[in-house]
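Undergrad: So the chains spell out like this:
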Amino acid sequence: MTELRKKADPALIKRRYAAERRFRFYGLAALALTTAFLAVLLTDIVSRSLPAFTQYSAVLEVPVDPEKVDAANPAAGDYEGIVRAAWRELFPSVTTRADRRLLNGLLSGGGADELRRQVLSDPSLIGKTVKVPVMLSDDADLFLKGQMTSVSRTPGEGALRIRTEGENYFLSGQGLAAGTVVLADGGAFRIAADGEQAPAEVILAPAGAADVAAGQWQVMGFGVAESQRKLNDRQAVWLEEAREKGVLDRGIAWNFFLKGDSREAEQAGILGSIMGSLMVVFITIALSLPIGVAAAIYLEEFAPKNRLTEIIEVNINNLAAVPSIIFGLLGLAVFLGFFGMPRSVPLVGGIVIALMSLPTIIIASRAAIRAVPPSIREAALGVGASHQQAVFHHVLPLAMPGIMTGTILAVASAIGETAPLLLIGMVAFIVDVPTGFLDSATVLPVQIYLWSDLPERAFEARTAAAIVVLLLIMLVLNALAIFLRKKFERRW
Amino acid sequence: MKRFLIAASLVALTAAPAFAARDQIRIVGSSTVYPFTTAVAEQFGKTSGMKTPVVESTGTGGGFKLFCAGVGEAHPDFTNASRAIKKGEFEDCMKNGVTEVVEIKVGFDGLALADATAGSDMKLTKQQIFMALAKQVPDKDGKLIPNPYQMWSDIDPSLPAQKIEVYGPPPTSGTRDSFAELVMEKGAEAFDSLKELKKSDAKAFEAVWKSMREDGLFVEAGENDNLIVQKLIGNPNAIGIFGFANVAENSQLQALEIDGVRPTFETIASGEYKVARPLFVYAKKQHVGVIPGMAEFVAEYTSEKAVGEEGYLSEKGLIPLPGEDSDKVREAANAMTVLTVDMVK
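Protein chains in written order, with the working numbering: chain A, 1 to 492; chain B, 1 to 345.
Since the hints were made in silico from the structure, they are not lab data.
For glycine and all other residues, C-beta sits at the position ideal for the given N, C-alpha and C.
Among the hints, erroneous ones may be present.
[Said to hold, decoys possible] Computed list of chain A residues with no C-beta within reach of chain B, every gap over 10 angstroms:
#1 Ser47
#2 Lys131
#3 Ile473
[What the hints assert, rightly or not] Listed next, the in silico PhoX-like pairs over lysine-lysine satisfying Cα-Cα at most 25 angstroms (straight line):
#4 B:Lys305 - A:Lys68
#5 B:Lys305 - B:Lys195
#6 B:Lys51 - A:Lys259
#7 B:Lys51 - B:Lys123
#8 A:Lys68 - B:Lys186
#9 B:Lys231 - A:Lys145
[To be verified] Now the stretches of chain A that chain B is said to cover, found in silico as 3 or more residues with beta-carbon under 8 angstroms:
#10 226-238
#11 243-250
#12 341-353
#13 402-413
Based on the sequences and whatever the hints tell you, model everything.
TA: Structure below.
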């Protein structure tokens, strides 16, 4: 009795409530912390990835010259040439060879692809003028998105005097120093050297050589010095000019979804690696699900309980903890070495990853089968079903939700796997989108790894974007797992 | 059961027959050369009408292992290397029947020390870098002691009073090997006591310049140069060691002067900046005529429009060979001059 009364002591009760509140708080804090980490991670990745989903193009009126593109053989036409000519048309004052090279450099090497596609699908366009988007290079794209440098325009103080001596221009005005970029009278100059009458390089020719009144001219400033940028001042001014002319268009970067890998960021896409991933996952499921479930059924329902079975069980559990690179070594030695299968193909990748996910699937399936109440099995046997009928008609359908969950978890981790693929040659640069199980292919996480290592800045956004796509695929898979489980569960 | 047997034999049938003859060039090797070889491969695929070669990134050592494993369709046709082939690797090749190897020097890769533009623009010598990073350094009397320097100003009062904090590649990386040879060894030789040690006990000398300090001031930051870049931008006091291409691509970094020379495309190409290494591609001559496109790929890789001054590889950060060297390399490569034992160190 004394003890009971002691336990009912108000102070003790208070302490117990306090303990409970503290525990709840700890739980909530843990949850809040993980959510915060997740939120930071996701916002970081998503915000980095956004630039990769759009792409700047110049929308140009391109005359398809029948001399450059032969109607008899349109595939061999010089599309790049006519696209470049149309681009240069926008900048009539750019004439020197070096400048034209710089100007051409702003267009992507794949800039003419869209025109080529249109002309090939409709040869009647030859001889007409086509309005077509021409993709810009990755550096131009970064500049226009403001990721290369900030650009400012400050009105110049006082009047700007422009003097010409033949082809040469000399400017004088306040605050002009070597390297200053001046916009005046529709033209653009870059001061070449300091001086009272500073010699200036012409970036864009002005309308005339008249002096410009105060406030009518501007100094263009860049946040990052020219030597630290991939695009020089001239290219920056041309891009700004193109933007003002309204020919630039920021559209969805379809290349990112519809192309294979490329060393040019603006032409690189994830379709090749997504196809590779799909093929690998297909092979993985096709092999590991039937084998894994069969093994689980045998071990749970039919295997004699003896030493051998125990050894096998221990080994399966052990295999689930073996580092994945070991499976890669196995694949290299057995499938490439012994069977002579080709390197870099999804077939081998799928087999290796199937071996890797087998233990997980077997363990999950066994747990699911064991969780089916024995009464169900016994009832089936009691009305005269054979052991096999009891398993396939009654136990397996009821164990299916658990088996599905285990399999989808195993497949989800298989989708993110790179280490074993290194050894069988799937960590590779592959341009062509694979179309069969014996084509060279890579997978999405490998693509992310390869892009993350490239020096070009534009690949940073591509990497993040590919991660976002991978996360979305995972999300869809997990949603599918939940959906399937719920659907099957109703049969209980 | 019958159905199962049919299914099993179907699987066996698809797997068993010899796989279709390979009509695609396969390349393995260094991750440093990977960005350049992939660019050539892509260009080759676009212009030649043949399949785009597959380029794996396996590391220089792993590349030679695969390349030297044998002749035939199962083995790669080219391997990228951020250093020349070693004697052991060459012997391995010979043993496995890969007797005709062609060495192609494609250009240079500068190694740079860099920090964030917000950091201090230090002017370092190789000796100072050695003193900052070696595990053991000689004291005043030339005796080796564990590295006592904590601040750059401890090494030389003219350097800023800033904690030594350097991120670099791990020992498995080719970049690390090159850094050790090009900077640490030269830096160690600047000490008279170590110079003598080199003469008397070359092994002990090697151990001195190859061992980086392990007290946390030198941090092995992993193979991925971009990770180091991210760390530097976050921490202006830190310095990173990596390929010049990464510095050139990133406006938030500044390359530091070493021995009075700042690395730029020009100073590396002219040989004025000494911390640079040649990059190689090795071709298997025995595959010419067996795998389509071998000769054309070599021609593309050594062409002026790829490795020339204005070539598309220099845009990707490869430093071109000087004019005459590049002509010589082009000639030798297109003639497929085979590497002999005495050419390998």
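Undergrad: Can you tell me if the region 402-413 of chain A counts as covered by chain B, using C-beta to C-beta distances under 8 angstroms and a minimum of three residues?
TA: violated (count 0)
Undergrad: Would the pair Lys68 (chain A) and Lys186 (chain B) pass a check requiring their Cα atoms to be no farther apart than 25 angstroms?
TA: Violated, at roughly 58 angstroms.
Undergrad: Is it the case that Ile473 (chain A) keeps its Cβ farther than 10 angstroms from each residue Cβ in chain B?
TA: 23 angstroms, holds
Undergrad: Would the hint linking Lys305 (chain B) and Lys195 (chain B) be met if the CA-CA limit is 25 angstroms?
TA: 44 angstroms, violated
Undergrad: Hint check: Lys51 (chain B) vs Lys123 (chain B), CA-CA at most 25 angstroms. Holds or violated?
TA: Roughly 48 angstroms separates the two Cα atoms, so the pair is violated.
Undergrad: Is the claim that Ser47 (chain A) lies outside the interface with chain B correct, judged by CB distances over 10 angstroms?
TA: About 15 angstroms separates Ser47 (chain A) from the closest Cβ of chain B, which puts it past 10 angstroms; holds.
Undergrad: Taking a Cβ-Cβ distance under 8 angstroms as contact, does the region 226-238 of chain A have three or more residues in contact with chain B?
TA: holds (count 3)
Undergrad: Between the region 243-250 of chain A and chain B, see if three or more residues pass the 8 angstroms beta-carbon test, and mark the coverage as holds or violated.
TA: violated (count 0)
Undergrad: Holds or violated: are the alpha carbons of Lys51 (chain B) and Lys259 (chain A) at most 25 angstroms from each other?
TA: 16 angstroms, holds
Undergrad: Does the structure keep Lys305 (chain B) and Lys68 (chain A) at a Cα separation of 25 angstroms or less?
TA: 23 angstroms, holds
Undergrad: For a C-alpha distance cap of 25 angstroms, please report whether Lys231 (chain B) and Lys145 (chain A) respect it.
TA: Holds - the C-alpha atoms of Lys145 (chain A) and Lys231 (chain B) are around 24 angstroms apart, at most 25 angstroms.
Undergrad: Non-interface claim for Lys131 (chain A): all C-beta distances to chain B beyond 10 angstroms?
TA: Holds, since 26 angstroms exceeds 10 angstroms.
Hint check: violations occur at hints 5, 7, 8, 11, 13; the rest are consistent with the structure.
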